[in-house]
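J.: Residues per chain are reported as follows:
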Amino acid sequence: MKNLHLPLEDWTNSFVNGWLLPELGDFFNQLSDGIELIVDGVTDGLLIVPPFLLTFIVVVLSFWLAGKGVGLFSLAGCIYLGAVDLWPEAMQTVAIVIVATLLSVIIGVPLGIISAKNRFMNQLTRPVLDFMQTLPSFVYLIPAILLFGLGGVPAVISTFIFATPPAVRMTNLGIRQVPEDIVEASKAFGSTTWQMLFKVELPMSLQTIMAGVNQTIMLALSMAVIASMIGAPGLGSTVLSGISNVNVGLGLTGGLGIVVLAIIIDRLTQGIGDKL
Amino acid sequence: MSKINVQELTKIFGSSPKEGLNYLEQGETKDKILEKTGMTVGVNRTSFSVEAGEIFVIMGLSGSGKSTLIRLINRLIDPTDGNVLIDDEDITKMDKQTLTETRREKLGMVFQKFGLFPFRTVLANVAYGLEIQGVEKSKREEQARRAIEDVGLKGYENSYPDQLSGGMQQRVGLARALANDTDILLMDEAFSALDPLIRQEMQDELLDLQNKLNKTVLFITHDLDEALKLGDRIAIMKDGRIVQVGTAEQILEHPADEYVSNFVKDVDRSKVLTAAHVMKKPAVLAAYKDGPRVAVRKMEEAGVSSIFVVDKTKRLIGLLTIDDAIKAYKNDISMEEVLRTDYHSTRQDTPLHELIAYAAETKYPITVTEEGRLTGIISRVSILSGLVLGKEKEEVSAV
Numbered sequence: 001m002k003n004l005h006l007p008l009e010d011w012t013n014s015f016v017n018g019w020l021l022p023e024l025g026d027f028f029n030q031l032s033d034g035i036e037l038i039v040d041g042v043t044d045g046l047l048i049v050p051p052f053l054l055t056f057i058v059v060v061l062s063f064w065l066a067g068k069g070v071g072l073f074s075l076a077g078c079i080y081l082g083a084v085d086l087w088p089e090a091m092q093t094v095a096i097v098i099v100a101t102l103l104s105v106i107i108g109v110p111l112g113i114i115s116a117k118n119r120f121m122n123q124l125t126r127p128v129l130d131f132m133q134t135l136p137s138f139v140y141l142i143p144a145i146l147l148f149g150l151g152g153v154p155a156v157i158s159t160f161i162f163a164t165p166p167a168v169r170m171t172n173l174g175i176r177q178v179p180e181d182i183v184e185a186s187k188a189f190g191s192t193t194w195q196m197l198f199k200v201e202l203p204m205s206l207q208t209i210m211a212g213v214n215q216t217i218m219l220a221l222s223m224a225v226i227a228s229m230i231g232a233p234g235l236g237s238t239v240l241s242g243i244s245n246v247n248v249g250l251g252l253t254g255g256l257g258i259v260v261l262a263i264i265i266d267r268l269t270q271g272i273g274d275k276l
Numbered sequence: 277m278s279k280i281n282v283q284e285l286t287k288i289f290g291s292s293p294k295e296g297l298n299y300l301e302q303g304e305t306k307d308k309i310l311e312k313t314g315m316t317v318g319v320n321r322t323s324f325s326v327e328a329g330e331i332f333v334i335m336g337l338s339g340s341g342k343s344t345l346i347r348l349i350n351r352l353i354d355p356t357d358g359n360v361l362i363d364d365e366d367i368t369k370m371d372k373q374t375l376t377e378t379r380r381e382k383l384g385m386v387f388q389k390f391g392l393f394p395f396r397t398v399l400a401n402v403a404y405g406l407e408i409q410g411v412e413k414s415k416r417e418e419q420a421r422r423a424i425e426d427v428g429l430k431g432y433e434n435s436y437p438d439q440l441s442g443g444m445q446q447r448v449g450l451a452r453a454l455a456n457d458t459d460i461l462l463m464d465e466a467f468s469a470l471d472p473l474i475r476q477e478m479q480d481e482l483l484d485l486q487n488k489l490n491k492t493v494l495f496i497t498h499d500l501d502e503a504l505k506l507g508d509r510i511a512i513m514k515d516g517r518i519v520q521v522g523t524a525e526q527i528l529e530h531p532a533d534e535y536v537s538n539f540v541k542d543v544d545r546s547k548v549l550t551a552a553h554v555m556k557k558p559a560v561l562a563a564y565k566d567g568p569r570v571a572v573r574k575m576e577e578a579g580v581s582s583i584f585v586v587d588k589t590k591r592l593i594g595l596l597t598i599d600d601a602i603k604a605y606k607n608d609i610s611m612e613e614v615l616r617t618d619y620h621s622t623r624q625d626t627p628l629h630e631l632i633a634y635a636a637e638t639k640y641p642i643t644v645t646e647e648g649r650l651t652g653i654i655s656r657v658s659i660l661s662g663l664v665l666g667k668e669k670e671e672v673s674a675v
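Protein chains in written order, with the numbering used here: chain A, 1 to 276; chain B, 277 to 675.
Mixed in with the good hints there might be a few duds.
[Claimed, not checked] Facing chain A, a subset of chain B residues (Cβ under 8 Å, in silico):
1) 385
2) 389
3) 391
4) 605
5) 636
6) 640
I should point out that these hints are in silico values taken from the structure, not numbers from a laboratory.
The C-beta atom is built at its ideal place from N, Cα and C for all residues, glycine as well.
Go ahead and model the full structure; you've got the sequences and the hints to work with.
T.: Structure (structure tokens):
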């Protein structure tokens, strides 16, 4: 085995440093600026709203979409975030999650649809998705820093990589699960491909797709702490500073904040899925 | 001009259908080709045509290729070879857009498993075909409401399919196909998923609707009784080929081969044969103007004990028994006063099984009338012999 030497390390480095950065650096800079603008915009938007008003909105939505228990939990959760003085950090995390999830859905759902329709595309996306899901996230944190610098943007990008697969997979599954007789009926009455997609297949698979989006959001939240290592602001960085200062209390406070966010967002999106 | 004209239509499922086609042309059987190449012959060089306004039933057991065949007609499955002419236009050669238009304008379809959209109301389901054609909302809903009324589902417009029973769901499926107002209805085992009583009800309703709307219906079924009941003509399908095409009577009386005759052996003839099959011309008739005396002589000559009395236009007036005729003659009362009307009258297309009960009760023959005119009579004997003799004939030919 020693005689066989694969210089993957050298290749990758010379690819990134020799070609990717000099050639596409400008492109990535612009992309970075664009994403930063969106993340900042969403964060500012969330912070402008008075916390009590946002709390009220979230509680009402929880009551309506997921019932009394979740409504009460949302109220307690929001009060907790304010009481431990982590409201701004929580909003920063939510902003990154929102932008990363939007990106995942915008790219993941169409990709899932194409994979469901096209066998070649399906065979192509499967290994790529496996790769995205299992490759340790630290591995792409490094090029993310190289390409996008430190801060919220590389966090969004790496979160996107980590969180997109369920959106693609569940969309693919949902479209494939539409019963054959319903597809046939739609075809027999003279639907075009687009009409079939928008009037039959997507409505039929909406719940499955929503389950995928829900998973995407959960994965995005779970990336919060890891992404804070590359400078993402928010609850993750609170936990990170708790760890690096051996401040168990701070770590727990921030960690519980993430859990609270996760549960509220999970129940809310599940509620939306069930309402459809 | 036939509404649907199918010419040498072939479908082979597998890796290289053209190769399979060569084998077929060399005369290899379906089983041989499967063995040699692993490819399945769904439909094997089938030709037939369906005329405007008829119900054409394709009858076959599972695996006979009938479901494939109906899907080749609107190209839900692309054929390997052959042509399908809809109003003289070849659907197998159409581009995507023309195909879509043809499906919208000419071909309605009803599915075995209904194929309703669960997230749409009954109204929205029925309006679907018009919706995708871009018909404006008020107009398509009006048309959909009319179709819903036609199938007897008025009041259920805002229900969802899963709130309805199977029979009602298939009514929605039927209404959805009717709403588009296509000339042709393709019905793929449309009633097979329903329980027997509902199925019969739906069959009767389809026949009623057909009387009103006069569509061209291609109906697929595995149920021979259903085929005989609905079909103006019936095609029997086996191993991807049509073995025999004919009316119910032709298929029952002259099965083309052993396969068909085995099939029809157990048919309940009383449901297929009608009054017209067993009725006879009455041996003698009395004219109303004849009077009792002539009537008595006619009965004497023919050796019967009762006689039907008709007027000049053969309109049936009543029954005269020999006893009543003699009584009238002796007491010099008019024939009108002794005429009986307590016999059973029926029409030519009444199935025999509906007559059996009457035949058992009445002592007089059953009369068959058309707009009041006597066209024939049926005695108890002829009902029984119609049922039994047909059967014997068949058993002979099956041996």
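J.: Compare the structure with each hint and give your call.
T.: Comparing the hints with the structure gives:
With a least beta-carbon distance of about 4 Å to chain A, the hint placing residue 385/B at the interface is held under the 8 Å criterion. A distance limit of 8 Å between C-beta atoms decides the matter here; for residue 389/B the minimum to chain A is near 4 Å, and the interface restraint holds. Among the interface hints, the one on residue 391/B holds; its C-beta lies about 3 Å from the nearest C-beta in chain A, closer than the 8 Å criterion. The beta carbon of residue 605/B comes no nearer than 72 Å to any beta carbon in chain A, farther than 8 Å, and the hint placing it at the interface is violated.
Of the supplied interface hints, the one on residue 636/B is violated, with its beta-carbon coming no nearer than about 46 Å to a beta-carbon of chain A, more than 8 Å. At about 54 Å, the closest approach between the beta carbon of residue 640/B and any beta carbon in chain A exceeds 8 Å, and the interface hint on this residue is violated.
Hints 4, 5 and 6, counting from the list given before, are not met by this structure.
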